[in-house]
Amino acid sequence: MAADPSELLKRYEPKMAKTVDLDRQMVTLRYSPCGKLLLAGDFDGMVRRWDANGEELQNLAPLAGHGGWVTALTFHGDGHRVFTSDSWGQLRAWPYAEAAPQPAWAVAQAHDGWIRAIACSPDGQNVATCGSDKQIRVWSADDGGKRHEFAAGEDVYSLAFHPSGALASGDLKGVVKHWDAAVGKCEREFDARGMYLYDRLQDVGGVRALAFDKAGTTLVCAGSQPKSGAFVQGSPLVLWFDWQSGNLKHTLKLGGENDGFVYDMSLHQDGFLMAVSSGQPGSGKLFFHSPDAEQPFFAATTMANCHALAVHPGGYRLAVSATNSSSNGNGRQLNGNKEYPGNFSPLYFWDLPQSS
Amino acid sequence: MAHRSPCKPWRLCKPWEHQLSRRHWLGGVAGGALAMAGLRGPALAAELEKTQKQVLFVWLDGGISQLESWDPKPGTQFGGPFRAIATSVPDIRVSELLPRTARQMHHLALVRSLCTQDNAHSSGVARIQRGDPKNRGVTYPFFGSAVVRLLGPGDSGLPPYMWVKPGNGGFLPGDAGFLGPKYGALALGDGKPPENLPRPESLTAADDDLRNSLRERANRRYAARRRAEASQANDQVFDMAAQLKKRMDLFDASTFPARDVERYGTHELGRHLLMARRMLEAGVRFVKVGSYGWDTHGDNFNGHLSLVPKFDQAFAAIIEDLAERAMLDRVLVIAMSEFGRTPRINGHVGRDHWPEAWSLAMAGSGLKRGIAVGATNDKGTFVATEEYDIGHMFHTWFHALGIDSAAIEYDNQGQPLPVANEACHLVKEVLA
Amino acid sequence: MPIFARSRKIAIALVLFVGHAKCAADEPLHVRIDGLIAAKATARVVSAAADDAEFARRVYLDLAGRIPTCQEARTFLGESSPDKRTLLIDRLLASVDYARHMQERFHVVLMERLGDNPQWTKYLHDSFAANKPWDQMAREILRADPQNEATRGAAFFYAKRLDHYGQNPIDYPGLTRDVGRLFLGVDLRCAQCHDHLFIEDYKQEDFQGLSAFFQSAYLEDLGLPVVGEKPTTEKTAFMSVFAKVPRQVGPRFPGGQEVAIPAIDKGEEYVQPPDPKTKFPGTLRFSPLSALSDGLPRPDNALFTRNIVNRLWCMMMGRGLVEPLDLSHRGNSPSHPELLELLAGEFVAHGFDVRWLLRELALSQAYQRASILPPGEPPPSELFLTALEKRLSAEQLLRSMLEATGERERLETTDQGKPLAELRERFVKALANAPREPEDAFSPSLASALFVLHDKAFLDLLQPRPGNLIDRLEKLAAADQAAEELYLTVLSRLPTDEERVEVAEYLMRQPDRRAVAISQLAWALLASTEFCVNH
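Residue numbers (my numbering), protein chains in the order written: chain A, 1 to 356; chain B, 1 to 432; chain C, 1 to 535.
Hint data in this document are derived by calculation from the structure and do not stem from the laboratory. Where a beta carbon is used, it is the ideal one built from N, C-alpha and C, also for glycine. Misleading hints may appear alongside valid ones.
[What the hints assert, rightly or not] Using C-beta positions, here's what the derived DEER-type ranges look like:
| hint | chain 1 | residue 1 | chain 2 | residue 2 | range |
| --- | --- | --- | --- | --- | --- |
| 1 | C | Leu222 | A | Ser326 | 29 to 37 Å |
| 2 | A | Pro341 | C | Glu422 | 22 to 30 Å |
| 3 | B | Ala375 | A | Ser266 | 19 to 27 Å |
| 4 | A | Gly331 | B | Ala375 | 16 to 24 Å |
| 5 | B | Ala375 | C | Pro169 | 31 to 39 Å |
| 6 | B | Arg103 | A | Pro341 | 36 to 44 Å |
| 7 | B | Ser254 | C | Pro380 | 26 to 34 Å |
Use the sequences and the hints to build the structure in full.
Here is the structure:
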């Protein structure tokens, strides 16, 4: 890994290719493993689908039937199935590429309320979920049968499977746990408590995203170092842990207290982190960071607020789901038609330099 | 409603005959007894003073989201991620974040059709708590000061308007506006006694008695040959201090049963509502409990997921306790903020200020039980029924306490002043 | 006996009439004051003159803002010269304490605890140290001239009132009201929306006209402080809420003339344009504040002259000739109309000289009466036949308590005065009124009682330390000596026999806790009404 930032920039600097304004707000965004489809979970209980092959995005029939927000979507490694969850507690599996997909299976109350994350086990057998009901549950990827469940002790925000099959979770209070999911035993903990603050009456923060590198040597945890609740002021915070020893290898505290949380991230095969962050309206960032450096070698600040990052499997394209600018304001603000407008998510498409 | 002709002077006496020294502190009077703002109207004053009515005013500072509490709209454009749940009243559903309060709904009265004027905290908080009256060039009292003025201090011997809040305490005469400092609030920072109430540890009770008897003797000698006013005023405040010192038990949080502490919650809102229950049981006329940090412009949903259940726990506990102790007949309970939150969700995944359509919850004296009044439209953006401003609520609350808000007025040194905004009327549907 | 009674009354009336006629214009003011007080006394009993101790304490507090030290009290009581009171008055007026005390007093009167500003403090202090005439001070405060460095602090009067927050509008009505109350003695608040309901003299046009002087004023900088004006081109439109007739008024003095708004071409309004970088708000061709400052504080403005002499009278005597101090109108007669006119006239004739007037007031018999009531029915306070008990400000109490406990020097010199500043804050918090509540009357509170009872920082002043009161008293073996030192230091007088006995007995009862007993005796006096009021 070249340590020289200008070198990294030359090799990896993305350029914005196009913007597609959607009509409503999105929670999560992912490319399918084949790269042909782009899926997004929205605020309206729908999974949006687009054919992402051509120059223009082609709308496909959405996957309906969720309630509340569609909070997570994770593709099965087999390239046929996607697992989706919502904030009302439902978990579904779909053959995602069909013209009018019906769920392969559904669990109506996989959790009591907000399911925050889904992770697919490396052997493809299981899918793990976590939520605000403080439970972690493991389901059969084939039929949704419940395999295991255990109390995590706290609202769990993020999950990731280690290549070995171990499960990592990150919770509200900044505790990352290494689980033996089969028996529900917590093997050890990683300290990310800097991502949590109790301010007045409010628990602020949480480990918002977790990712392992391909080899499973490093666990990356991301969230915010909160300064205060209510408004929520805080700076994006990312921690790199050595999985084997448990030692903290690298810390990135990015930007200022308006910059908020890291919402989503992906580890590039060449070892650097790609992530999106969002805090106060207008503070959105897309940044690339090499863990042997002090600061990111690339940061884009033109997107108002960034909430999800989709990486095309081919490695040459990124999609960022954001929120429109001028999204905030007190009191009655009507549009030209005297209607009260909602906000929406622009999708920003970035092209990475073609790598050899 | 009595018709008043504002142009005719109501009084025959001339203003300069009043002892217009309007600055009293909790009983101290220098220069005449009748100097504070009086009351006009039928001879209700004496009647009202006999009443045992009290108020519990829970203030969620910053703006609790009505969509994440009293008026959920799940599955709509602005509904957010949470579900709605059934309550103990058929047809009333609240956010899933209020499970315990949902079970107490049969005691409660919700208003979901508030539409008020001010969308800023710094000015809005005072406007709401003063009832946003018409501008008459005077500073209107906060609701607590008004209640103490209209109902009298009660006979508990304790300060009649107490405010249990996080942070600092102190004496807040400003709450009383033109009524005068006597009707101000005594704020208890984190429920602790007022500054300088506890005797310093280095001073024993015996020594305190000795030195006070010296002081009293000195005062008697001084007063013997002089005008009465200054000496009397000074004696009165020392007497009140002595009274309050006798009730130090009120501030001792360690004497609450463990079961209560657990039910209300060990967080500050839980502890403070438990303290409030004790104040009400001791007969304090008006108890305000403040909670800060509700202004969730960012991360509104995780924020409310953390905040609302704490309110839910403590609020449900106190409703349950007041009902159990048969206190709901005489205590008027109000839980509210200075406005609600925008249906629109901003880029920080938050909601901004929304005075256009929001909710509050009430219970107790003079109100119907198990009822939700007013409605917003399907999306929760605007009020679909009659809009109620805070002035409507003031009329309603006064009536619930037995005060005819149309018939009685303040008399501010000759200036007649309505007790609530006269462009508003009471909400009949919610009164028993 | 009716004939006797009648002729006695006639006799008295004759005496008073003759006495009154004797108060010719060449008599010093204080003599004429007493003549007019006597004229209204109409057979009432009058208190005797205050004894030296009461007089000394009162005049120190009124002119120097503190009680006399033990030594000062002792010395004064021991002096035999017949004009020692006059000499004391002159000494105090010339002392450094005078300027500081007047600065503190006028700060509370003019700012009413709305806030502090070091430039404002300096402005007031320098003005009183130089004995600046009151009309000049009023001009400077009402002008808030951004170009006069020497009077920069004067702008704070407006600056703090032009500050605002949230969706609150700038409180121009509050500013208008305060100018009316504090400079003219008229509270026009109830005339904002209509003519005053009872006070015929207060018309809506008076309020709106006064308000028009400030409509274009704005806050440039609170700290410096700097206030600016935008161009004023139009009259103010207003309408009574009762008679909905649209009216207009330009800047107008209450009960007086309206200032014409000149027609100025757009772009020509400024003589010097504003410079945001230096926070210079510019100089206008037509500045309403200049017009106000030129036109209001004038010798021929009866409201202006009567207001200041009424307030100065109240400061010394405990009650205005017009009460309340800000409600002067034809339906609210002064208790002594001729006296008020005399004071106003003489004050103007002496060039608005504050020190001169305070001296005359202090020399009067009315000022020097005892607070102890005469036998029989107490006379009404507005006749000034008995000295009235006055409020002590937080500042006066702090200074006096530090002096009494012998802790002043230690606190002034420790840690660059930081503990003193903190103590001052505690005193103000416990003893001052809320903002915008004038501190005219003695109004003790639960906060003030608890402060005196239990405040640790205050009680700490009664710990024995080398040279302080408790230490000195401890070292006096004889109870009688201790009693004398205690009473002279704290109450500025000698103890009565009863008090001497009490002290002796009290000390005897706790022989092994002498320091504690002494500090209890001292505390009881500091906490007493006698100490906490200015009698």
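Hints, one by one, checked against the model:
no. : hint                              : result
1   : C/Leu222 <-> A/Ser326: 29 to 37 Å : 31 Å, holds
2   : A/Pro341 <-> C/Glu422: 22 to 30 Å : 53 Å, violated
3   : B/Ala375 <-> A/Ser266: 19 to 27 Å : 45 Å, violated
4   : A/Gly331 <-> B/Ala375: 16 to 24 Å : 21 Å, holds
5   : B/Ala375 <-> C/Pro169: 31 to 39 Å : 33 Å, holds
6   : B/Arg103 <-> A/Pro341: 36 to 44 Å : 38 Å, holds
7   : B/Ser254 <-> C/Pro380: 26 to 34 Å : 55 Å, violated
Against the hints set out earlier in the document, violations occur for numbers 2, 3, 7.
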